[in-house]
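There are 2 protein chains.
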Amino acid sequence: MNVKVKWLKNQLTNLKLDGMIIANPINIMYLTGLTEEGILIITKKENIFITDGRYIESVNTKLTIDDEIVVYNSKELDKYDYQNIFTMNDNVGFEENYVTYENYKKYLHTYMVNLIETEGLIENQRIIKEPEELDLIQKACEITDKAFEYIIKNIKEGMTEKDVAFEIEKFMIKNGADGLAFDSIVASGENTSMPHAVPTDRIIRKGDIIQFDIGAKYKGYCSDLSRVIFVEEMKEEYKELYDFVLNEQARMENSFKDGVNIKNVVKDRETDYKLKNYNVAHSFGHGVGIEIHELPMISSKKDNILKENSIITIEPGVYKPGRFGIRIEDTYKVNKTNCESITKCSKNYTIIKLA
Amino acid sequence: MNVKVKWLKNQLTNLKLDGMIIANPINIMYLTGLTEEGILIITKKENIFITDGRYIESVNTKLTIDDEIVVYNSKELDKYDYQNIFTMNDNVGFEENYVTYENYKKYLHTYMVNLIETEGLIENQRIIKEPEELDLIQKACEITDKAFEYIIKNIKEGMTEKDVAFEIEKFMIKNGADGLAFDSIVASGENTSMPHAVPTDRIIRKGDIIQFDIGAKYKGYCSDLSRVIFVEEMKEEYKELYDFVLNEQARMENSFKDGVNIKNVVKDRETDYKLKNYNVAHSFGHGVGIEIHELPMISSKKDNILKENSIITIEPGVYKPGRFGIRIEDTYKVNKTNCESITKCSKNYTIIKLA
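Note that the protein sequences, when read in sequence, are chains A and B.
The first sequence begins at 1 in the working numbering and counts up one residue at a time.
The second sequence begins at 1 in the working numbering and counts up one residue at a time.
In case anyone wonders, no lab produced these hints; they're calculated from the structure.
For clarity, every value in this text was computed on a predicted model and none was experimentally measured.
Hints are not guaranteed to be accurate.
Some chain B residues near chain A, calculated using beta-carbon distances under 7 Å [stated by the list, open to error]: (1) I50; (2) N97; (3) V99; (4) E102; (5) Y104; (6) P195; (7) P199; (8) G207; (9) N277; (10) A281.
C-beta atoms are modelled at their ideal positions from N, C-alpha and C, and glycine is treated no differently.
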């Protein structure tokens, strides 16, 4: 049996659960490597993956005997088969943060068990990355760095935000990415004032500030990078904000390591913002892994101890509505004694010439 | 107030509900045009969109006074503000097919109301497309047709499935698409035996069969097209399956129109498959709109009457595990008296030369 499924079975025993129904495809991929649609069911006796005709062949190609996962075609199961998966009134864990209210009711009816909330059991385990996972994230970050370095040399007269975004995607895929970790943000001029701007047909021109928020996905794992550059010239007004944001990022980077309470670090940053009368428009970071946003939360809302081998972003940003905004972001690995940037491209003032 | 929000308010009155919480971003986009993260709340008195600092500026740019939607920043609301949105113990609809069990419990606690299941109220309304929606889907289909016609003339010696998929995406975006309606399937040779194949690094070569399943998204609306082509030659074994699949599609197309029970039409197709000893590996079609898969279901499981101005696909496919598969799919508009294909590219045997 693979180590992650074995880990889960041990957890279920500790929690006095008779099994678990895993429906979140991200958790299924994490536990089994499978990306096909289906439901993973862990019982005391066995591990079952229920899929359908579209995926049977591909699932059987991926799994080996060592996986100890039995594959069923949902079309070939009747209601008694489902009722026989567990013993009636077993205590069975489910993902209350993924399963809809409608499916919760269906599960009760289908499996005839007591459904027990598992409080992010698998999501919390996903915080601590395995060595193989760290390698994949590192590779995703390398592709992202390269894409940024490529694009800032290849923005040509007349290109729109959409053109630039497309060139980034093309470069990432050519360089081994599965695809994008998320839709790229390429915002220019006044469009940078919106933290989540979508690339438009606006043409990049002299005097522009350009905000990038980009990330490649590599073998299912994400990376995340934000940079700001300037076209032909850098207006004086940009410098103060740029320096402030960069400094905030450095302070967080210097504070984060294994055992630190995230809440306190974020509170300090919020104080800095308040002193400057800047608005905190979004969180200061997030965990990264199979999902672009996953645990841990980088927030001052509650106590939250940072752990070794977590992957997080640090991304302070300041936005002047209708005028411009600046956000700088890197992906970091949390170590025993420090917090190490995996994305590595330059954070110097970068003033490009239009090719 | 816009017509769709007005429609919803009338429905809530009919259902004796005091309001509704809409959390599904697809339904929010359908009702308001907003694509920003947030929750739409309809009460007797007003319409509220609760978002956060990342989106406030962009939401306020999109909405006009005529929309009659009040925008709040969630960061500025405390628990009493939430409790004052409704009157205690109001009967408030929610999307039980979208809201997780965890959020269902949070809603109960936050709003102090009775939550009532709305049984796909908005999803069912989305089946009947408005004229503006039909125009957008038509445009998405045109781009998809053009992309297919372009790619079959531009597959070059040495290109992989991934290369071909990328050229399709590039063409669609250059021709006005927002992006892809879904990840393209480009499967060649034995890879076609899996209905949901992901493009690989396999190089296209002489004698190959290639399965395409592609679709552009245009201003938020999807299209869906599947075609099979042959490289340099068409092996005899492909013909029987190709003709069978094409014929099944034609039969469904001829049967579908306003008022027809989908179940009966699909049952007839299942009989055809049984007679040939073919396996029904996936459904024969699906509704299309803002989502690539939406209502109506094209299934024999229950009675389901087809309605005028629905958009559906018809996509019979047959798969020989480990060998090859063939699926042909078009996007159709359901009319009073017929079912009309909106994707229009050729379904003749297509044998390409590698450029």
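Ascending list of hint numbers which this structure does not respect: Those not satisfied are hints 1, 7, 8, 9.
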